[in-house]
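Engineer: Spelled out from the first residue to the last, the chains are:
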Amino acid sequence: AQKITQTQPGMFVQEKEAVTLDCTYDTSDPSYGLFWYKQPSSGEMIFLIYQGSYDQQNATEGRYSLNFQKARKSANLVISASQLGDSAMYFCAMREPNTGNQFYFGTGTSLTVIP
Amino acid sequence: DSGVTQTPKHLITATGQRVTLRCSPRSGDLSVYWYQQSLDQGLQFLIQYYNGEERAKGNILERFSAQQFPDLHSELNLSSLELGDSALYFCASSVDGGRITDTQYFGPGTRLTVL
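As you go down the protein sequences, you meet chains A and W in turn.
Quick note: the first sequence, position 57, residue 57 per my numbering, numbers continuous.
Quick note: the second sequence, position 24, residue 24 per my numbering, numbers continuous.
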């Protein structure tokens, strides 16, 4: 089974609107970390936000927030007030102690912000 | 700027050749991870080193090898190159104190083109 599933290969959003990028994960470990990365067309991978499995509140970093639903094993990224510079690939990732704290990445979602 | 450096940024070579990619982790990070990102296979984990020792192995071909030196920089050696090895190769570093909160920070990548 895939550790991380991103079911949206491509998404479009109007500038200034909010958008949610889906991510579901699979683990039997009670302790794990969830991460989102952004990869613009220039290629670099940029760390955006982190959520720990024991965190009581959803993580937020500026316009990024993580909608963490533990029972559903989902960790969706919400980008508010989209900007043209948000157009990029977005990857969800997880690390869990069970597998030696390895990182598992999803296949990514391509987001295009429309002016 | 993540603090992780990779050289060279671009590399063009011929089939059958050997190349070396270099990575310097962020100050204080003990772990170095290597990833291959190709168009059809997404982000593939190759290998991890922690403080000079190999810690985990992913989908790394026998033609590929890596090492981490006492100053913690790492090199990925790719030999007998094939057309299919053309990809973006990332190095990432992490503190890796065994905590799930330890984030991976990526370098800018080396784009390898095999002709």
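Everything labelled a hint here was simulated from the structure, so no lab data went into it.
You may find that some hints are simply not true.
[Stated by the list, open to error] The following label-pair restraints were derived from C-beta to C-beta distances:
hint: 1; chain 1: A; residue 1: Q57; chain 2: W; residue 2: E82; range: 43 to 51 Å
hint: 2; chain 1: A; residue 1: A18; chain 2: W; residue 2: A14; range: 44 to 52 Å
hint: 3; chain 1: A; residue 1: Q83; chain 2: W; residue 2: Q44; range: 39 to 47 Å
hint: 4; chain 1: W; residue 1: I60; chain 2: A; residue 2: A81; range: 15 to 23 Å
[Stated by the list, open to error] In silico negatives: residues of chain A with every beta carbon more than 10 Å from chain W:
hint: 5; residue: Q8
hint: 6; residue: A18
hint: 7; residue: D26
hint: 8; residue: M45
hint: 9; residue: I46
hint: 10; residue: S53
hint: 11; residue: N76
hint: 12; residue: Q83
hint: 13; residue: S87
hint: 14; residue: R95
hint: 15; residue: N101
hint: 16; residue: Q102
hint: 17; residue: P115
Note that the Cβ used here is the ideal one computed from N, Cα and C, for glycine as well.
Engineer: Work down the list of hints and note, for each, if the structure agrees.
Structural biologist: Against the structure, the hints come out as follows:
1. Separated by about 48 Å at the C-beta atoms, Q57/A and E82/W satisfy the suggested range of 43 to 51 Å.
2. The supplied range of 44 to 52 Å is met by A18/A and A14/W, whose beta-carbon atoms lie about 48 Å from each other.
3. For the hinted restraint 39 to 47 Å between Q83/A and Q44/W, the CB-CB distance of approximately 30 Å leaves it violated.
4. In this structure the hint that I60/W and A81/A lie 15 to 23 Å apart at CB is violated, the actual value being about 41 Å.
5. Non-interface status of Q8/A relative to chain W is upheld: no Cβ of that chain comes within 10 Å, the nearest being about 14 Å off.
6. Residue-level check passed: A18/A sits 25 Å from the nearest beta carbon of chain W, beyond 10 Å.
7. Consistency note on D26/A: stated as away from chain W, and its beta-carbon is indeed over 10 Å from all of that chain's, at 16 Å minimum.
8. Look at M45/A: its CB is around 4 Å from the nearest CB on chain W, not clear of 10 Å, so calling it non-interface is violated.
9. The claim that I46/A lies off the interface is violated: its Cβ sits roughly 8 Å from the closest Cβ of chain W, which falls inside the 10 Å cut-off.
10. Not every C-beta of chain W lies more than 10 Å from that of S53/A, the closest at about 7 Å, which undercuts listing it as non-interface.
11. With a closest Cβ-Cβ approach of about 19 Å to chain W, N76/A is found to remain outside the 10 Å limit, as its non-interface label requires.
12. With a closest Cβ-Cβ approach of about 20 Å to chain W, Q83/A is found to remain outside the 10 Å limit, as its non-interface label requires.
13. Listed as outside the interface, S87/A is consistent with that label: its C-beta sits roughly 18 Å from the nearest C-beta of chain W, beyond the 10 Å cut-off.
14. With a cut of 10 Å on Cβ distances, R95/A falls inside the contact zone with chain W, its closest approach being about 6 Å.
15. Against the 10 Å criterion, N101/A falls within the reach of chain W, whose nearest CB is about 7 Å from its own CB.
16. The Cβ of Q102/A does not lie farther than 10 Å from every Cβ of chain W; its closest approach is about 6 Å, which violates its non-interface assignment.
17. Distance to chain W confirms P115/A as a non-interface residue, since its nearest Cβ pair spans about 27 Å, more than 10 Å.
The structure fails hints 3, 4, 8, 9, 10, 14, 15, 16 (numbered hints given earlier, in ascending order).
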